[in-house]
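There are 2 protein chains.
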Amino acid sequence: MKIGIIGAGLVGSLLAIYLKKRGYAVSVYERRPDMRRKGYEGGRSINLALSNRGIRALHEVGMEDDLRKNAIPMHGRMMHSVEGELTYQAYGKEGQYINSISRSGLNRVLVTEAERLGVSFFFDHRVERVDLEATTVTFAHPSANKSESFDYLIGADGAFSAVRGAMQLTDRFDFSQDYIEHGYKELTIPAGAAGRFPLEKNALHIWPRESYMLIALPNPDGSFTCTLFFPFEGNPSFESLQTEAEVDRFFKSVFPDAAALIPDLIDDYRSNPTSSLVTMKCYPWVRHHTLLIGDAAHAIVPFYGQGMNAGFEDCRVLNDLLDHHQDDWDRVLPAFQQLRKPDADAIAQLALDNFVEMRDLVGDADFLLRKKIEAKLHALYPDKWIPLYSMVTFHDTIRYSEALRIGRQQKKIMDEVMKMPPETLSSLSLDFEKIMQQLG
Amino acid sequence: MKIGIIGAGLVGSLLAIYLKKRGYAVSVYERRPDMRRKGYEGGRSINLALSNRGIRALHEVGMEDDLRKNAIPMHGRMMHSVEGELTYQAYGKEGQYINSISRSGLNRVLVTEAERLGVSFFFDHRVERVDLEATTVTFAHPSANKSESFDYLIGADGAFSAVRGAMQLTDRFDFSQDYIEHGYKELTIPAGAAGRFPLEKNALHIWPRESYMLIALPNPDGSFTCTLFFPFEGNPSFESLQTEAEVDRFFKSVFPDAAALIPDLIDDYRSNPTSSLVTMKCYPWVRHHTLLIGDAAHAIVPFYGQGMNAGFEDCRVLNDLLDHHQDDWDRVLPAFQQLRKPDADAIAQLALDNFVEMRDLVGDADFLLRKKIEAKLHALYPDKWIPLYSMVTFHDTIRYSEALRIGRQQKKIMDEVMKMPPETLSSLSLDFEKIMQQLG
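Chain order of the listed sequences is X and R. Take the first sequence: its position 280, counted from the start at 1, is 280 in my numbering, and no numbers get skipped. Take the second sequence: its position 80, counted from the start at 1, is 80 in my numbering, and no numbers get skipped.
Among these hints, one or two may not hold up.
With a straight-line cut-off of 20 Å between C-alpha atoms, the simulated SDA-like cross-links for lysine to any residue are [said to hold, decoys possible]:
#1 LYS341/X x GLU433/R
#2 LYS341/X x ILE180/R
#3 LYS21/X x GLU113/X
#4 LYS341/R x TYR179/X
#5 LYS281/X x GLN177/R
#6 LYS281/X x SER176/X
#7 LYS371/R x MET420/R
#8 LYS281/R x PHE173/X
#9 LYS411/R x GLU433/R
#10 LYS281/X x LYS281/R
#11 LYS252/X x LEU241/X
#12 LYS281/X x ASP174/R
#13 LYS281/R x TYR179/X
#14 LYS412/X x ASP396/X
#15 LYS281/X x ASP171/R
#16 LYS185/X x ASP171/R
Distance windows between CB atoms, simulated [said to hold, decoys possible]:
#17 LYS412/X x ARG126/R: 50 to 60 Å
#18 ASP171/R x ASP366/X: 30 to 40 Å
#19 GLN168/R x GLY62/X: 37 to 47 Å
It should be emphasised that the hints constitute simulated quantities derived from the structure, not laboratory data. No residue lacks a Cβ here, since even glycine has one placed at the ideal position from N, Cα and C.
Make the full structure from the sequences, and use the hints.
Structure, rendered in structure tokens:
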């Protein structure tokens, strides 16, 4: 059986490995040139946070060890105040961490592995037209256009999916794209002498400033990739910082410790693009023999570090369903979208909510105390009270939709707990058993 | 100054009249042939409910009287039970009514008037490409393609707007399309002998059946156009009624009095299309010198009879802003979208809510009692308690967003009132003053 995958990004190439391993003839078509060629610039962001859901999906095709080697563990958040004070908050328990990994490096490894298994890759192939009824795609290619037909076609072609574009022309196709008011811009903190990390290596750094924030993730060479999440309009905003002097003054006043580590701040700021942030939802994900997967089906904002993890989990879930239904695709495709849509909607919401947490709440003493109380609950009842962040990030057996539901219940309970007298809270002299019972 | 309008439908042609009267050079481009030519079949629905907002917009360009002549007043809803019992509910006070009007007839009158004023119409002109930065449109036409540039361009080209399609390709453009689970199909109750109306002429007829409904609006020739709003899937649904016998049996069992009046039921059902129902939202409505208006900016479901009225109100509001800003379009366009977007969102929500009211609640005795209590409140406090339906339909000085907000407040109050003992409620022996005070 002949499977076509559109998009050789992270999800498309991992899915190709899964399907090739099941014995299908798999061809992957990618609009861009081969990312393994010299000079190729990766996708939207330089590094990503790989966590348990993604790792599990890689593990099931035997790719986990390869990738761990190039990942930098981040055990918690390091918050930087305006005064340069540092506050550290562990993400989970001892041994629980997320991983900073190079997007382009990971992509190269996946494509190379897929090719080794016998997947055919066609780069510089742009989708011109998709005939959903015939499962036929017409590609534009520098030399000549060509059409290919497939038994099943999978659109793994990202947030601005051409395959979804074809579905959008069909009747009764729900779709939404919602931009947030913030954009982002990447900046670089270079490595110190001899590859020394100029900030704590094993943390995700955050400069929370209420309406905006700067974050930084480590790279293996000792550098950090910073991302400024900043409003497009208003004050301050990308619009309000016009001159180089304004940019310089702004960074020195609100991110002084970071500014001191970014020697090319002005150049980076001027030459790196300002990109927008969008949530895309659609339904159905299936028309005839064509399926959308990953960002093509559900693009989310990056604030939970789950975009890639959710896409990888899609691949794992699809593979499980192929097992369950003995490769009967006409049963698998509807089952996949029904099972997975609530989870995609849940992580989209969680990602939006987490922006508020990252840019504002993590700078708040009450919030950190709340997290501490939750950590204590988790220590006392490790299987019963799992903090939301842990459910999403470290517990790949809890569905996103379940995590969202339980997290809301927990929030209600904690809102009440936080009304207790400050001394009771700060001394943690709480009736944890009673709190626990409310979770039901 | 040269204004281009895309779409010669109801909103495009009314807007052309408004702008021509202000002294602009106005050209209207329409994908379809001239609807005044013989054999032309109108848009989606045969007749529409014209109410105060639409009438006010027509009045301001002196078109009200022309149109009143061809309108049939509908003073209330006539509900038909399965047993054929009739229940009548007035829409408002004495003298308040909505109007059944032919979509194609109204469109013809507007185009003819615009042409008489000097507007140029170009039919069979399909938008091929819109260059938003240059305000240039390339049209495909049976004889040859051509490009036209404008000072300002207005997309009045409906729910599936090509102008909006061009905006969708720009960054940070929010968009959503949401289909409901129901579709619709039109059926005809022919006139009786000598143009006699086979049902009460001056009412909108509803056969509410909880999960679906049939409605009928009168036409000047004595016939009624019926619309079945019915789920696409499930039981019963368009999918579940497969054979002619099933259709026949279904109508005779659930709409017996209507079925008896539709001689060509089976033919109509088989040959008329089943159409879907969508809510479309987007923002911004303005890019450079191009504006979206009417359904192109905010397509809604038809259950409040406000789609055309909202589009006509758009024209009137735009004209008011042109007055206010002395035709400074660069101030008018942003002001228009900021002012009008909350109202468009509000009527979209109200229209969705009203489907539940029409298909289910109007068949419910408690609901009718609630309406009766509200009518009494309105009689006692005519300027202070205006029922939601009246605010939307008869009060063109209350913005849709205000109507939605006040309606929600009223609902909360009425939910409490309806908890009183049944005998207190049915005898209307209520402390109306006290109820009124809660509105604040």
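Consistency of the hints with the structure:
With a CA separation close to 50 Å, the supplied pair LYS341/X and GLU433/R exceeds the 20 Å bound. Taking the CA atoms of LYS341/X and ILE180/R, the gap is near 17 Å; set against the 20 Å cutoff, the hint holds. Taken as a hint, the LYS21/X and GLU113/X pair is honoured in the structure, with Cα atoms around 11 Å apart against an allowance of 20 Å. Taken as a hint, the LYS341/R and TYR179/X pair is honoured in the structure, with Cα atoms around 16 Å apart against an allowance of 20 Å.
Simply put, LYS281/X and GLN177/R have alpha-carbon atoms about 10 Å apart, close enough for the 20 Å limit, and the pair holds. Taking the CA atoms of LYS281/X and SER176/X, the gap is near 5 Å; set against the 20 Å cutoff, the hint holds. Simply put, LYS371/R and MET420/R have alpha-carbon atoms about 15 Å apart, close enough for the 20 Å limit, and the pair holds. With a CA separation close to 14 Å, the supplied pair LYS281/R and PHE173/X stays within the 20 Å bound.
With a CA separation close to 17 Å, the supplied pair LYS411/R and GLU433/R stays within the 20 Å bound. Between LYS281/X and LYS281/R, the direct Cα distance comes to roughly 14 Å. Compliance with the 20 Å bound is thereby established for this hinted pair. For the proposed pair LYS252/X and LEU241/X, the alpha carbon gap of about 13 Å is at most 20 Å, so the pair holds. This hinted pair checks out: LYS281/X and ASP174/R have alpha carbons roughly 12 Å apart, not beyond 20 Å.
Using a Cα cut-off of 20 Å, the hinted pair LYS281/R and TYR179/X holds, with the two alpha carbons roughly 13 Å apart. Pair hint LYS412/X plus ASP396/X does not hold up; C-alpha atoms about 24 Å apart against a cutoff of 20 Å. For a cut-off of 20 Å, the pair hint linking LYS281/X to ASP171/R stands: about 17 Å separates their Cα positions. Annotation: proposed proximity of LYS185/X to ASP171/R holds, straight-line Cα distance about 15 Å (limit 20 Å).
Checked against the hint of 50 to 60 Å, the pair LYS412/X and ARG126/R passes, with Cβ atoms roughly 54 Å apart. Evaluation of the 30 to 40 Å hint for ASP171/R and ASP366/X yields a pass: the beta carbon distance comes to about 37 Å. A C-beta distance of roughly 41 Å is found between GLN168/R and GLY62/X, which places it inside the suggested range of 37 to 47 Å.
The earlier numbered hints that this structure contradicts are 1 and 14.
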